[in-house]
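Student: Chains as they are written, first to last, in the working numbering: chain A, 1 to 256; chain B, 1 to 89.
It cannot be assumed that every hint is accurate.
To be verified - On the chain B side, residues computed to face chain A include the following (Cβ under 10 Å):
| # | residue |
| --- | --- |
| 1 | T17 |
| 2 | Y21 |
| 3 | V22 |
| 4 | M40 |
| 5 | L44 |
| 6 | I47 |
| 7 | E53 |
| 8 | M57 |
Unchecked claim - Which residues of chain B face chain A? A few of them, derived with a C-beta cut under 8 Å, are:
| # | residue |
| --- | --- |
| 9 | L32 |
| 10 | R43 |
| 11 | G52 |
| 12 | L54 |
Think of the hints as simulated: they come from the structure by calculation, not from any bench.
Computed from a predicted structure; not experimentally measured.
Cβ coordinates follow ideal geometry from the N, Cα and C atoms, glycine included.
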Amino acid sequence: MYGKGLRTLSIATVVAITTSLSLVFFYAPLEAEQGFLQKIFYVHVPLAIIALCGFVLGGLLAIQHLRTRDPRWDMRSYVVIHMSLIFAVGTLITGSIWAKGSWGHWWVWSEPTLVSFLIVFLLYATYQPLRFAIEDPERQARYASVFAITAGAFVPLNFIAVRLSTAYLHPRVLGSTSNLPGPMALTFLVSLLALSLLFATLCKYELTAKHTRAQLRALRRRLSGETTGAPTRPRSAAPSLHHATAPARAAGGSAL
Amino acid sequence: MILATVLAETPALPLHTAGKYVAGAYIVLFALVLIYVAIMAIRLSRIERDLGELLSMSEHDAGPATAGAAHSDEHTQDTQDPQPESTLA
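Given these sequences and hints, build the entire structure.
Tutor: Next up, the structure:
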């Protein structure tokens, strides 16, 4: 089910990333002030945009979970937030490398953009421990959804607050993309598309792997003759797909 | 030879100043993806192992039943006309 279209998506991702790298290094002109260092912009900014959008998407998927009580939405929300966290790590590292090359410091604590992104990252870093702390899968999913919605609403508020702040060193990107010369804007958009495809592909891989493992566990239970009672599983931060409540089952879908 | 031709045709990159930072940033991205692929490979091998276990479990469970079914098949084949062969062969 989740694996459908994975091959096409993977091929599209590889093609898009190859095109993006070719454009970055052999097509986009050198920026007048920063020179070659500006090439980091084509990886750092898309990573940041996708990570933040992923956090918001995780919140939207969590709303869907609370509405339907279908564990599949919780699984999607979990995977999207998990992947966004990895992209956020990439954003912080590439940003620090750029800062070292441009400002001479790995980190500047007086810069609102950097600190606000770190706050968002640390906020979401508590998502996994929160899930792990709750043993009951249904309660875990419900509390995690509430967290994802609250934190997801915090992300755009945080972004607006930083934009309204006056003193900053960090270059503005969103809203000023139209000021980029044509080749640079094209390269940026292709990079954004390529990394978005990478994000979608990795999410799909993760969902497929988790779904396959859930199916394997169900098969193992069936073969070992366990037909009644809730399935036992080791304590985990990952969502369980086996606590489908009455509305989800009544809707005609299986627990998976 | 093709690689040498491509490298000769491509414009030279100014790697002397900011090259190490740019290389570092792109290597970070590459490393993150590589680590993820490695984790997925570990998971895949675990799934493969689990599938193997389940397969042997199902073969073990189905063993006596298959033997019984084979016996009854022999009995029914004696009394019925032979089925047409598969066209996939």
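Student: Does each hint fit the structure? Answer for all of them.
Tutor: Here is what the structure says about each hint:
Given the 10 Å rule on beta carbons, the hint for T17/B holds: about 7 Å separates it from the nearest Cβ of chain A. Against a cut-off of 10 Å between C-beta atoms, the interface hint on Y21/B holds, since the closest Cβ of chain A lies about 4 Å away. Interface restraint check for V22/B: the shortest CB-CB distance to chain A comes to about 5 Å, inside 10 Å, so the restraint holds. The restraint placing M40/B at the interface with chain A holds, with a minimum CB-CB distance near 6 Å, inside the 10 Å limit.
For L44/B, the interface hint holds, the least distance from its beta-carbon to any beta-carbon of chain A being 8 Å, beneath 10 Å. A least Cβ separation of about 6 Å between I47/B and chain A falls short of the 10 Å threshold, and the interface hint therefore holds. At its closest, the beta carbon of E53/B sits 8 Å from a beta carbon of chain A; the interface hint therefore holds under the 10 Å criterion. Evaluation of the M57/B hint against chain A yields a held restraint, the C-beta minimum of about 5 Å falling below 10 Å.
The interface hint given for L32/B holds, since its Cβ lies 5 Å from the closest Cβ of chain A, which is under the 8 Å cut-off. For R43/B, the interface hint holds, since its Cβ comes within 8 Å of a Cβ in chain A; the closest pair sits about 5 Å apart. Interface hint status for G52/B: violated, as the beta-carbon distance to the closest one in chain A is roughly 11 Å, over 8 Å. With its C-beta approaching chain A no nearer than about 6 Å, L54/B sits inside the 8 Å limit, and its interface hint holds.
Of the numbered hints given earlier, the model fails hint 11 alone.
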